[in-house]
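A.B. asks: In the order they appear, the protein sequences are chains A and B. Under the numbering used here, think of the first position of the first sequence as 4, with each following residue one higher. Under the numbering used here, think of the first position of the second sequence as 4, with each following residue one higher.
Please note: incorrect hints may appear among the correct ones.
Which copy? The list can't say, so a pair holds if one copy fits it or any two copies do.
[What the hints assert, rightly or not] With a cut-off of at most 25 angstroms between alpha-carbon atoms, the simulated PhoX-like pairs for lysine-lysine come out as follows:
#1 Lys-340 / Lys-166
#2 Lys-62 / Lys-300
#3 Lys-139 / Lys-9
#4 Lys-62 / Lys-254
#5 Lys-256 / Lys-9
#6 Lys-30 / Lys-77
#7 Lys-399 / Lys-166
Think of the hints as simulated: they come from the structure by calculation, not from any bench.
2 protein chains.
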Amino acid sequence: MPHLSKRGTELPTSPIRKLVVFSDEAKARGIEVLHLNIGQPDIEAPKAALEAVRNTPLKLLPYGPSQGELSYRKKLAKYYSKHQIEVSSEDILVTTGASEALTFVLNSICDAGDEIIIPEPFYANYNGFASAASVKVVPVISEFNSQFQLPALENINEKINSKTKAILLCNPSNPTGYVYSQSEISTLCELAVSHNIFLIVDEVYREFIHGDIEHYSVLQHPKGAAHTVIIDSVSKRYSLCGARVGCIVSKNKALIQNLLKFAHLRLSPPTYALIASEAALDAPDSYLEGVIAEYGKRRKVLIEALEQIPEVEVSHPMGAFYCIAKLPVDDAEAFSKFLLTSYQDQNQTVMLAPATGFYSTPGMGKNEVRIAFILNSDKLLRAAKILELGLRAYKKIQLETLV
Amino acid sequence: MPHLSKRGTELPTSPIRKLVVFSDEAKARGIEVLHLNIGQPDIEAPKAALEAVRNTPLKLLPYGPSQGELSYRKKLAKYYSKHQIEVSSEDILVTTGASEALTFVLNSICDAGDEIIIPEPFYANYNGFASAASVKVVPVISEFNSQFQLPALENINEKINSKTKAILLCNPSNPTGYVYSQSEISTLCELAVSHNIFLIVDEVYREFIHGDIEHYSVLQHPKGAAHTVIIDSVSKRYSLCGARVGCIVSKNKALIQNLLKFAHLRLSPPTYALIASEAALDAPDSYLEGVIAEYGKRRKVLIEALEQIPEVEVSHPMGAFYCIAKLPVDDAEAFSKFLLTSYQDQNQTVMLAPATGFYSTPGMGKNEVRIAFILNSDKLLRAAKILELGLRAYKKIQLETLV
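Using the sequences provided together with the hints, build the complete structure.
C.D. replies: Structure representation (structure tokens):
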């Protein structure tokens with residue numbers, strides 16, 4: 004057998020998808036699995052997006068411009084302007100999802116062995132993107148007890164060395180739901196400028212803000228033009244996860260020019276999805292207002308239900324649609340597996356995302372899970388109940404094993 | 004300004020897209036540009052593919068399985084079986100275009116500094132994919148005078164060393180139109196097995212065969228199961244370039260498992276495009292027969308027209324929809340630029356793809372261009388006429404400059 008590469012064999016397995024085999028088996032046994040583990044919206048996409056695809060007169064699908072159609076980039080610039088982010092179509096490069104956007108940016112600014120600093124816990128695939136690009140993730144721990152706010156500046160500062168090329172954030176955060184304040188973003192921005200490194204902010208959950216706070220985009224900061232980059236996507240905003248359309252936004256023209264070479268290589272983003280994404284920008288404001296109100300309702304239902312489970316602690320997400328919960332177990336991954344392989348209540352069980360996959364410091368998050376409030380309120384209530392019953396059953400088995 | 008990476012700055016600029024700025028300027032001056040430079044089909048996609056997207060009941064676009072829907076992979080296995088390629092759905096990983104397929108395979112089998120051997124001239128983006136993955140392309144020259152058949156085995160053999168991880172071919176070939184014979188593929192396959200390296204064959208033009216020859220797929224060879232990989236795509240076959248759907252096919256299970264980790268990272272291929280691609284497999288045989296007959300006609304028209312231009316030599320493509328032409332100029336890139344910036348006949352000009360971009364050996368292909376026979380026959384005739392007149396005008400200017 005011919006050898007595979009070191010980078011291929013060392014690429015981490017997706018921690019979110021690792022339990023899928025057990026959930027498939029549970030489903031095969033006739034058990035309904037309530038998915039608290041994934042960020043797949045169930046709310047309808049904007050009608051304008053679906054109609055645009057249905058009505059396209061295209062008789063064949065040509066390659067589009069590698070950077071995305073000018074008309075789409077112009078409309079995106081207007082969308083950003085509504086969010087106090089002043090950019091032009093030239094500052095935007097359309098990508099095949101935020102995944103490709105981040106991969107392009109990492110490859111464009113880091114060589115093999117370079118480092119990026121990320122507050123953890125962080126979106127699990129950041130580990131994978133970095134690993135695939137031979138880039139080292141240097142984590143800085145943010146704390147459950149402070150709702151995962153930005154770690155102290157000196158903790159970040161001391162990790163910066165000559166190999167550090169960027170700080171990467173997700174704001175609002177997947178998996179914690181924390182929303183970084185204007186002051187936190189400004190501090191990081193000034194830090195990036197002073198060290199002459201990039202600050203990359205994944206803002207795919209920009210609008211998903213719960214309560215009376217404002218999202219502050221990294222591109223609103225007046226001094227960061229050369230040093231800041233937004234990663235964005237239509238996936239969550241318009242329930243278009245499968246579209247695979249995202250973008251990179253930066254006022255650093257040399258960066259955009261360099262990224263364009265990577266974009267040329269893969270020819271163009273997917274045509275149908277671009278048609279849907281461009282039309283989605285025509286959705287009335289009421290569309291997103293409705294979506295966010297619905298997630299706000301689900302958030303309230305879930306948090307209240309989780310807080311009533313004995314010994315469960317839960318972070319209070321200010322944005323996105325995830326929270327981190329601490330469970331009264333030693334190993335949340337083993338418990339998550341138990342729920343899928345050895346537990347059911349009235350033929351139902353729940354699937355969780357063990358939080359260790361969102362940390363890169365070994366041992367962190369062992370008793371934590373990420374929970375998405377993507378299901379409707381009734382299902383969320385039922386899922387929380389099953390979690391409570393499952394925890395009780397798990398404890399009982401553990402006690403019996405000890406006897 | 005923060006620094007960009009070495010791999011980003013060293014990534015080659017797409018040689019095909021390099022002249023685009025001049026063609027845009029020509030169009031802005033009101034000149035019609037006949038594109039002989041790109042492989043963008045103008046034939047309609049199968050009705051079944053377009054209808055399936057139009058009629059999809061989806062109200063939102065969910066992520067699909069990272070390896071592609073099982074139903075699509077099963078239908079693909081049947082498609083391959085019709086081409087004497089016996090594989091199962093488990094041997095197929097659906098990708099976002101052949102571009103992603105090749106990127107995944109290179110990353111999965113090569114570490115930074117490893118080498119792949121490619122007969123040149125080759126599809127220009129192979130240089131880019133390799134460069135982005137820090138892989139070195141080792142070219143072996145194939146000759147215009149032998150229609151670009153496989154170079155002598157000893158020429159390939161002597162390039163193999165401990166860093167060599169694969170031989171990469173395109174069959175039928177973009178840019179030469181050469182179709183490798185069963186004997187050539189078998190020879191390479193046995194070479195790969197004996198050196199325990201991979202043989203990767205890009206077969207996106209599988210059906211585009213002109214004349215009485217048979218395409219022999221690398222997966223038809225009985226001994227290559229662990230060592231062979233097909234790269235494929237719906238782009239040219241069904242005029243679905245903008246769909247961005249391709250696949251990797253291999254019976255090497257360890258490879259497919261490893262590739263799946265890269266696939267998990269980018270979540271899933273684009274949903275709408277998958278719907279179109281799966282439905283395209285339902286198109287009647289007459290669809291592709293009609294497409295290939297049309298390209299066959301265009302091929303005949305173009306080759307005959309080019310052969311009548313004084314001092315132009317042209318390769319006789321057996322497959323795909325490209326040929327290589329030798330022009331009576333020192334620098335085909337300068338001439339191609341001249342056609343766009345300083346020439347027109349009745350307000351029309353042509354755009355060519357200078358062949359140096361398809362070689363990695365410096366100095367090779369300086370007087371060659373790649374010509375695609377994608378335009379309809381009338382436009383091809385007119386384009387050949389403009390090429391003839393343009394060559395005459397260019398020569399005249401060069402002579403005048405000498406005086």
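A.B. asks: In ascending order, which of the hints set out earlier in this document are inconsistent with the structure?
C.D. replies: 1, 4 and 7
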